[in-house]
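Undergrad: Read off the chains here:
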Amino acid sequence: MDLTLKIWRQEGPQTKGEMKSYPIAGVEEDMSFLEMLDYLNEQLIDQGIEPVVFDHDCREGICGMCSLFINGEAHGPSRKITTCQLHMREFKDGDTIYIEPFRAKAFPIVKDLMVDRSAFDRIQRAGGFISVNTSGNTIDANAIPVPKEDADKAFDAATCIGCGACVATCKNSSAMLFASAKISQFSLLPQGQPEAKERVLNMVNQMDLEGFGNCTNTGACEVECPKGISLENIARMNRDYLLASLSSNK
Amino acid sequence: MSSTSKGLFGSSLARKYWMAVTGLFLCTFLVGHLFGNLQLFVLGEEGRLAFNAYGHFMTTFPLVKILSYLTYISILLHTVDGIMLARQNRAARPVGYVKEKQSVNASWASRKMALLGILTLFFIIVHMKSFWYEMHFGVLGKDSNGNKDLWTLTVTAFEQWWYATFYVVAIIGLAFHLSHGAQSAFQTLGVNHPKYTPIIKNVMTAFAWLIPAGFIAVAVFLYVAQPGQNL
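Protein sequence lines, in the order shown, are assigned to chains D and X. Its first residue numbered 1, the first sequence is counted upward by one per residue in the working numbering. Its first residue numbered 1001, the second sequence is counted upward by one per residue in the working numbering.
Fair warning: there could be bad hints in the mix.
[As the list claims (entries may be wrong)] Here are the simulated DSS-like pairs of lysine-lysine, each with C-alpha atoms no more than 25 Å apart in a straight line:
no. : chain 1 : residue 1 : chain 2 : residue 2
1   : X       : K1201     : D       : K105
2   : D       : K6        : D       : K171
3   : D       : K92       : X       : K1099
[Claimed, not checked] Pairwise CB distance ranges, derived in the manner of DEER restraints:
no. : chain 1 : residue 1 : chain 2 : residue 2 : range
4   : D       : L246      : X       : P1198     : 24 to 32 Å
5   : X       : S1068     : D       : E11       : 55 to 63 Å
6   : X       : I1199     : D       : D150      : 44 to 52 Å
[Claimed, not checked] Which chain D residues stay away from chain X? Per the calculated CB distances, all over 12 Å, these:
no. : residue
7   : Y22
8   : E28
9   : L44
10  : H56
11  : M114
12  : G162
If you're looking for bench data, these hints aren't it; they were derived computationally from the structure. Backbone N, C-alpha and C define an ideal beta-carbon position, used for all residues, glycine too.
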């Protein structure tokens, strides 16, 4: 199929970017979206044009590295997939496809379509962990009884791959779905309890410091999340933060 | 790492708690206001005297006065907090998308809360000038019981087509604001439960449309009946 790609080109973090148009012919429907971009880049290199920079790594939907805002949606038109899992059969011959980077003040552009999502790492570092003894006398995790339902919910929350689609799609660039998933995966389990209060206070604080927006409960994040992380996690974070704020000594 | 929490003031979550709490309080105010308005369905001198007696009670009874001040504070807090949130949200995305399909994953009302809120605030200002200001500080005639004649002021306002139209349009805007806000306040306060959330959503959605429908019914009735002309 023949397509017209409109791609955001930006030299570096400080330079001004713009949308540029690239016609591309001979795209096959079983190419993944990233393979289509590889195919474009091969042609650009042949023509002596600087190839388009975009993020990617595992290309099997588990690493969260590929981003892209495709035709007005994070990870493109399909649901519960990352961009590497999007295939060109979702488009048709003659289509114009808009490809933009994830947009948020907290996700500065590195170059072209590549953004810096290390704000997520800093939120995680602020409290997304449990302190356990690893000096040889560790207790088997299964020795502590956990209700099946809680274990399942914690697991669901832990499937968040930190791709940032929630931030990209949120009209406020809010990171609440990510932060709440990373808080919930611990707060639902007995191992997460000792640090529960401090965790939610510190991670929310870091989220605010990074310059993400607030939650309007539009629910767009849940729809666009490749892992189907539930809004229930945001409510849990709201609840935990409220109770922790009321009972915290700080 | 960061250890001092902003707690219940200043953090992004706290700002939302205040929006939710003041918003829900204002929802209860709407119920009270509507019950007052329903008295306007009683026509003639009987309706006039009853409505004016009610107006006198609402502006003088101490407990109601406390609720009034809470309502003023809630409107102010909800407005100031809302503006601060909207500004932060705008700043969180300095460069927007060239192509963005917001309608595929979120309802219109949920995306336009700030706009609908500002429209509602504008309506509240006009509405308070029309009735609240006149009742407290204006020169109003008295009815045969010696109460300020708020009834005549009210019904003559709604006999004008443009005032009734403005009111109906503003209340429809409020309905959309409530259609998202009234149920989403619970999510903000952390209430999300597989058993109760569907009930909350249904009840609050019904609230969001039925209460405004009540206000509109009174306004349309007054415009059609023209009770001020028939005294």
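Undergrad: Could you run down the list of hints and mark each one as holding or not?
TA: So, going through the hints one by one against the coordinates:
1. X:K1201 x D:K105: 33 Å, violated
2. D:K6 x D:K171: 22 Å, holds
3. D:K92 x X:K1099: 18 Å, holds
4. D:L246 x X:P1198: 24 to 32 Å: Check passed, 28 Å falls within 24 to 32 Å.
5. X:S1068 x D:E11: 55 to 63 Å: Taking Cβ atoms as reference, S1068 (chain X) and E11 (chain D) lie about 59 Å apart, which means the hint holds.
6. X:I1199 x D:D150: 44 to 52 Å: 23 Å, violated
7. Y22: The claim stands: Y22 (chain D) keeps its Cβ more than 12 Å from every Cβ of chain X (closest is about 15 Å).
8. E28: Check passes; 24 Å lies beyond 12 Å.
9. L44: 20 Å, holds
10. H56: At roughly 21 Å from the nearest Cβ of chain X, H56 (chain D) sits farther out than 12 Å, so the non-interface label holds.
11. M114: 15 Å, holds
12. G162: Check passes; 18 Å lies beyond 12 Å.
Checked against the numbered hints given earlier, this structure breaks hints 1, 6; the rest are met.
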